[in-house]
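> Turn these sequences into a full structure, and let the hints guide you.
Protein chains: 2
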Amino acid sequence: MPSENSTAEITKEPVVKKTSIAHKLAEKQQEISVTEFFEKNKHILGFDSRSKSLLMGIKEAVDNSLDACEEANILPDIFVRIDSLGDEEYKIVVEDNGPGIVHRMMPNVFGRLLYGSRFHALRQSRGQQGIGISATIMYGNITTGRSAHVMSKIDGEIAREMDIVIDTKTNRPVVSNDRAFIWEGKEHGTSIEYYIKGKYQMGKQSVFEYLKNTAIVNPHSKVTFIDPNGKSFVFERATDIMPVKSKEIKPHPEGMEIGDFQKYAQNTVQKNVKSFLTNDFTRVTSRLANEILTKANVSPDTKPVDLTRDQCKGIVKAIGEVKIMAPPTDCLSPIGDMLIKKGLMHVLDGMRPEYYAPPVTRAPKSVNGNPFLVEAGIVYGGDIPSDGQVTILRFANRVPLLYQPGACAITKAISNIDWRRYGLEQRGGKGIPYGPAIFLVHIASTKVPFTSEGKEAVAEFDEITNEIVLALKLCARSLKSHLNKDEKKRKTRAKFEIVQEILPQIAEKTSSYLDRPVPDLDMTISKIMNVIWVEPTVENKKKVRNVTYTIYNYTREMRTMRLHAKLPRESVNLSLFGGENFIEMNDEGKTTWELKDIPPSRNVSIKFELTGDMADTFNVDEIYISGINPVMVMGADALPGDWGIKGMEIVEFESDLITEEDEETEEAEILDDE
Amino acid sequence: MPSENSTAEITKEPVVKKTSIAHKLAEKQQEISVTEFFEKNKHILGFDSRSKSLLMGIKEAVDNSLDACEEANILPDIFVRIDSLGDEEYKIVVEDNGPGIVHRMMPNVFGRLLYGSRFHALRQSRGQQGIGISATIMYGNITTGRSAHVMSKIDGEIAREMDIVIDTKTNRPVVSNDRAFIWEGKEHGTSIEYYIKGKYQMGKQSVFEYLKNTAIVNPHSKVTFIDPNGKSFVFERATDIMPVKSKEIKPHPEGMEIGDFQKYAQNTVQKNVKSFLTNDFTRVTSRLANEILTKANVSPDTKPVDLTRDQCKGIVKAIGEVKIMAPPTDCLSPIGDMLIKKGLMHVLDGMRPEYYAPPVTRAPKSVNGNPFLVEAGIVYGGDIPSDGQVTILRFANRVPLLYQPGACAITKAISNIDWRRYGLEQRGGKGIPYGPAIFLVHIASTKVPFTSEGKEAVAEFDEITNEIVLALKLCARSLKSHLNKDEKKRKTRAKFEIVQEILPQIAEKTSSYLDRPVPDLDMTISKIMNVIWVEPTVENKKKVRNVTYTIYNYTREMRTMRLHAKLPRESVNLSLFGGENFIEMNDEGKTTWELKDIPPSRNVSIKFELTGDMADTFNVDEIYISGINPVMVMGADALPGDWGIKGMEIVEFESDLITEEDEETEEAEILDDE
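From first to last, the protein sequence lines are chains A and B. Per the working numbering, residue 771 is the first one in the first sequence, and the count goes up by one each step. Per the working numbering, residue 771 is the first one in the second sequence, and the count goes up by one each step.
Do not rely on the hints blindly, as some may be mistaken.
It does not matter which identical chain is used: a pair holds within one copy or between any two.
[Claimed, not checked] Restricting the straight-line Cα-Cα distance to at most 27 Å, the calculated cross-link-like pairs of lysine-lysine (BS3-like) are:
#1 1083 <-> 810
#2 1083 <-> 969
#3 810 <-> 1182
#4 1182 <-> 974
#5 974 <-> 1200
#6 969 <-> 1033
#7 939 <-> 798
#8 798 <-> 1017
#9 969 <-> 1087
#10 1065 <-> 1041
#11 967 <-> 939
#12 798 <-> 1033
#13 1001 <-> 974
#14 810 <-> 939
#15 1182 <-> 1200
Worth flagging that the hints you see were computed from the coordinates, not collected in a lab. Here the structure is a predicted model, which is why all the values come from computation and not from measurement.
Spelled out as structure tokens, the structure:
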């Protein structure tokens, strides 16, 4: 800036002193190695308290094992053992059946920060930064002075093992005892063994909790855990089906910075800017590339390397102005509604909630070029304690987040929703609400933006926060509609009880005065009520749930209708189904019954039995009807249009469920809600 | 681990495929430069939203300027200008009058992450990591594609300027246009000019707010700010006295990890372990070193480099068992009570609170070998809105923290105190309390453990959290005792009003019935009340506060006493003091008045005038008495024993203020409180 503006005030000290200060400072200037930095800032990596440090190391190792197995299409079988050596020292072993690690790579993978295979890849994985496991080995060495021992075997090759320490001054591995060995009975896999100062604890933020939650959202994994007391826990594999493998994609152009675009342009192998746009980015068609370049006033034949700053700026601006398709979904691997329910149930730990809001999986969006999607679920009421704040379960790329809730976009999104509208208590419409509810939120992304290298909380970006809010509000709407329905049902039931109790009494009294027979009041009651009443009853036996729906026709006419429910397919004993009412069950477990000609004032029942692990995921309140005007029905909703199965006949109804076409308007509406 | 324990399950895929996967993965393994890492994780550096990014860059530059000036003993004069270039692009200039930067160091200081002078130094400073300013230049370049321009001049040397960009692949500066020039009118200093995408906003988390709060806690600085509309704001220097320069110290041995100790031992120049302990660490005396080595069973003559892991472990363990003095204070630079008050007042922005709790500065403690101290202040009531959560002001090493409150140890410590005991509303005794209060907390440390490289929140360590809790509870106790006193005063006043209203009426009636003169009731009233009543009144005129204390003697005897208050010395017009009551004012502004022989049922007044900037810092409720049993006095407290000035005569009283001897018991008591 021009010197005349300077208002510098000079103290009256001798010139020589100040000169020497700048030079003295210069002498102290020096490079800081990334290892030294993290050595002094261990807490940024998640190694702050002793109990957390113990968990962090195991988390890093297990996350890596799961990633490696999935990449190699192997059903993960993970073994974790903690031995206490006294004085807060622990020995940790984490072993997997992954593809193994090439011998020459072992030192760098385990002994060097910022070294990895997944950093530059645009696809969903747990590890990404190339920091976690090396940091664990570094922290273990700092706190105990001991080295880590690593073994790895590739199928068909000889196993290798070595001891590894990190030289923090240079961020390079120091290897000793490197040798080949026969790993008996092992075909392929990796084992890491390290020592660490820590504190073993049970409860909310424990190794056990982490492994349990990991097993829940990774049902294709088997996890064996031996705790410091030698007690063994096995989280069995719940399914042999691998999750759909997320695909690596090219960057999505939306929300890119000029500098990033310049760098891509400098490094591309494409000969002209048009093929650069269509080949190096996802979702840019030839038509779209033309539109962008026309808007930016850049010739399609320009060499990418020749683009000026202003041209790049123009292209980035034009990208923001054209309509580009959302990033493809197949780079992401959502948990899915069944597993979300399962996750919630595990936390419930036997408590019976009153209501499960149907879990929501949002369509993918993108932030800074990285596709992401949000899933959410809510359970409410019943045995869930109602005197505290709601419980919040956070997951990112199928990894449970146990620490730093206050720093997390998930917590913040929840705090910014006015939950009073959805029947929860919340002072001033801000903050974590109070009430008998558990929220689950999962963020899947090719690059989850964590607030720190310890990957404990998701950073707050508007794009992400909005999606969390939308997902939760959709769940909350279901909850609210349930509570409203509940209220309506309660009132109708009250009316019912009055009518059923008082009318017969009046009839009896009047009849006795007149000395005439008591008339049949059923039709009269039906006339007053004019509803179809669907009443579920559940009998929970050990490992078996007997479900019965009784359908009362309190109208004056004969009624025919169909009932629909989505059942956990593997839990239903189809042979026990039968009966004249059952029509069909499709591959997704969507089931249809038909109730023919129920006379007025009469009822019919349908019954079925659920067994096995997934039996719990069925929510008896999620029952739908077709073939009848749904406003007449209490206790069941109209069959949603997006269910993909055919109802009995199309009757007019208002649905409060969301179809794809409605989604955009819906979103605007929901966000405007407040 | 032994192979027989392995339970690996092998999928039935061809061997060749799995082999190739391990090797395919190996091909992708690569080093990630620290710059690439932060380029992809900009939000970790604080560059997430546009508005925050604009602030972050300025914050980094200003923090560096303040550090450099203080290091060189120069009163800082800092100039900040923001120009809007449209399209969310801004040009930022930050210029200081610091010592300047040596020419050959300029590229690395501004163009390389993890490069700095303060990382290895154990003393309080704002910058520490060698990341901030280079990250700003990198982010500016990514978002606008432009380079930064840096100018610097050392006193007596020619000025130098250059353009700098960071090569993110290698984390090295790329310099252009490097040249010497005549910087007219400038004797020494540095100016940085960069372009950045951002969003300029006013309000809570704005550049203006940051600069204002910075000026408040750095009253020795002058800060000039020109906003994008060309409007100029000058935060004038409030004092010419530099804060006491914090000294560099050696590491404190407490809480050290074995690995760290091993590293120190490997790198020391000391010949034997005893001199290693006494010379390389602070607070280790020769006697203490002997005690440690005896406990650890290590001979004092052992060469440090020969220490085994087990010996190191023994020494670290012994260090934890002996009593080592707390780290010296002079490496830290607290804000001090006057400036804490001032800071609170600025936030009050004209609102008059009912009560300022006397700010608390705790003695230094240490965490991971780094000394730190906590300061806290609370204002309460009056015009402060009472319908929301309390306002929390966070500072670390004299830098205001504006973002990430939810992740910060300060917020968490506040949430864990049961504020219901101290007169604030709080559901279930957890969470941010509600009520008309503002809390200020400052953490000063040779190494503030921030939760991320963006330095927005302090990480949660038990040692730090405990100190925050203690400091706040001490403030809260004063508040509580004020509220109790207030309640007592309110009750006494009610009694008073009844006595003063009803007694005369009864007397009058009775006299008129009996036809006798109305008796003088003053003595009777005094007999019933039996208190000395100290009543402050304040008249706030433009820039002048007129304070009057009226002392009513509602006892039956003649009373003599002294009044004491700590006045902001520079605000008191001593010539206007005079009067027979004034006795003296010391250097700290501690003032004494003597009130001689006040007859029963009479009153006397003392008056004074406060002018200038610091006038507001005087809290009329902080008035003390001596020479009289304080239980007789309403509206003033007993002169605290630690005030260091002599009261009139020692009378017995119970003080609720803390003296140094009491501190340890006090702490235990406070922490046990809940």
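> Determine for every hint whether it applies to the structure shown.
Status of the hints after comparison with the structure:
no.: 1; hint: 1083 <-> 810; result: between (40 Å within a copy, 20 Å between copies)
no.: 2; hint: 1083 <-> 969; result: between (53 Å within a copy, 17 Å between copies)
no.: 3; hint: 810 <-> 1182; result: between (29 Å within a copy, 23 Å between copies)
no.: 4; hint: 1182 <-> 974; result: both (20 Å within a copy, 17 Å between copies)
no.: 5; hint: 974 <-> 1200; result: both (25 Å within a copy, 18 Å between copies)
no.: 6; hint: 969 <-> 1033; result: between (46 Å within a copy, 24 Å between copies)
no.: 7; hint: 939 <-> 798; result: both (16 Å within a copy, 26 Å between copies)
no.: 8; hint: 798 <-> 1017; result: between (48 Å within a copy, 16 Å between copies)
no.: 9; hint: 969 <-> 1087; result: between (52 Å within a copy, 16 Å between copies)
no.: 10; hint: 1065 <-> 1041; result: within (21 Å within a copy, 73 Å between copies)
no.: 11; hint: 967 <-> 939; result: within (22 Å within a copy, 36 Å between copies)
no.: 12; hint: 798 <-> 1033; result: between (33 Å within a copy, 21 Å between copies)
no.: 13; hint: 1001 <-> 974; result: within (19 Å within a copy, 53 Å between copies)
no.: 14; hint: 810 <-> 939; result: both (12 Å within a copy, 24 Å between copies)
no.: 15; hint: 1182 <-> 1200; result: both (10 Å within a copy, 18 Å between copies)
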